[in-house]
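*Asks:* Each chain, written out:
There are 2 protein chains.
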Amino acid sequence: GDVEKGKAKSATCAACHGANGISMIPDYPNLAGQKEKYLISQLKAFRSGDRKNPVMAPMAAGLSDEDIANLAAYYASLNPAG
Amino acid sequence: GDVEKGKAKSATCAACHGANGISMIPDYPNLAGQKEKYLISQLKAFRSGDRKNPVMAPMAAGLSDEDIANLAAYYASLNPAG
Numbered sequence: 001g002d003v004e005k006g007k008a009k010s011a012t013c014a015a016c017h018g019a020n021g022i023s024m025i026p027d028y029p030n031l032a033g034q035k036e037k038y039l040i041s042q043l044k045a046f047r048s049g050d051r052k053n054p055v056m057a058p059m060a061a062g063l064s065d066e067d068i069a070n071l072a073a074y075y076a077s078l079n080p081a082g
Numbered sequence: 101g102d103v104e105k106g107k108a109k110s111a112t113c114a115a116c117h118g119a120n121g122i123s124m125i126p127d128y129p130n131l132a133g134q135k136e137k138y139l140i141s142q143l144k145a146f147r148s149g150d151r152k153n154p155v156m157a158p159m160a161a162g163l164s165d166e167d168i169a170n171l172a173a174y175y176a177s178l179n180p181a182g
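Line by line, the protein sequences give chains A and B. Position one of the first sequence corresponds to residue 1 (our numbering), numbered consecutively onward. Position one of the second sequence corresponds to residue 101 (our numbering), numbered consecutively onward.
Source of the hints: derived by calculation from the structure; they are not laboratory data. Source: prediction; values computed, not measured. Careful, some of the hints might be misleading.
Result set (DSS-like, lysine-lysine): computed pairs, CA atoms no more than 30 Å apart in a straight line [stated by the list, open to error]: (1) B:Lys137 with A:Lys7; (2) A:Lys52 with B:Lys144; (3) B:Lys137 with A:Lys52; (4) B:Lys109 with A:Lys7; (5) A:Lys44 with B:Lys105; (6) A:Lys52 with B:Lys109.
Turn these sequences into a full structure, and let the hints guide you.
*Replies:* Next comes the structure, spelled out in C-alpha cells:
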C-alpha cells in the first residue's frame, strides 16, 4: 500500500488510535508498527462483519481495498514506540 | 495482572507472537506494548467466541480470567519496539 495515501486517509482513525498510532484510550489498540498483513485482514474483517465491532463497522464500511492497503502500510510504517 | 505470572504463562503464545512480543509471522499481530485493557477484551472474546479465530480459540479456551489478566499485563509491559 501507499504510506502517504494511507496517512491522508487516517484522519478519522487518529481520533481513537492516536495521531502517532498510539491510542489514548485503553480499550482501543495501538496500531503503530503493527503487522501490515494483520491490519489488512482485520480491516477487511470489520468491513465484512467477520469481526464484529459496533465502532469499527461504520469506519470500515466505506473503505476500498486500496484504502485498506494504504492505511495498513501507513500504520505499519509508524514507530511502535510512538 | 501479574507480569511475572503472565510471562510464565506466555510460553505457548511466544511461538507465534515472538519471545519479545514481536511476531515473526506477518499474519499474527505484535503484542508488545499493546493496551492491557484491549488485550484482556480480545482474549475474552476469543475464549467466548465473540471474536472468531480457529487458531486462537483453543489457545484461549483454557485460560482463566486471572491467566488473561496476567498475560495482558505481561504483554503490555513489553517494549513495543521489541
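*Asks:* If a hint holds in the structure, say so; if it doesn't, say that too.
*Replies:* Outcome of the hint check:
no.: 1; hint: B:Lys137 with A:Lys7; result: holds (26 Å)
no.: 2; hint: A:Lys52 with B:Lys144; result: holds (14 Å)
no.: 3; hint: B:Lys137 with A:Lys52; result: holds (18 Å)
no.: 4; hint: B:Lys109 with A:Lys7; result: violated (37 Å)
no.: 5; hint: A:Lys44 with B:Lys105; result: violated (35 Å)
no.: 6; hint: A:Lys52 with B:Lys109; result: holds (28 Å)
Violated hints, in rising order: 4, 5; the structure is consistent with all others.
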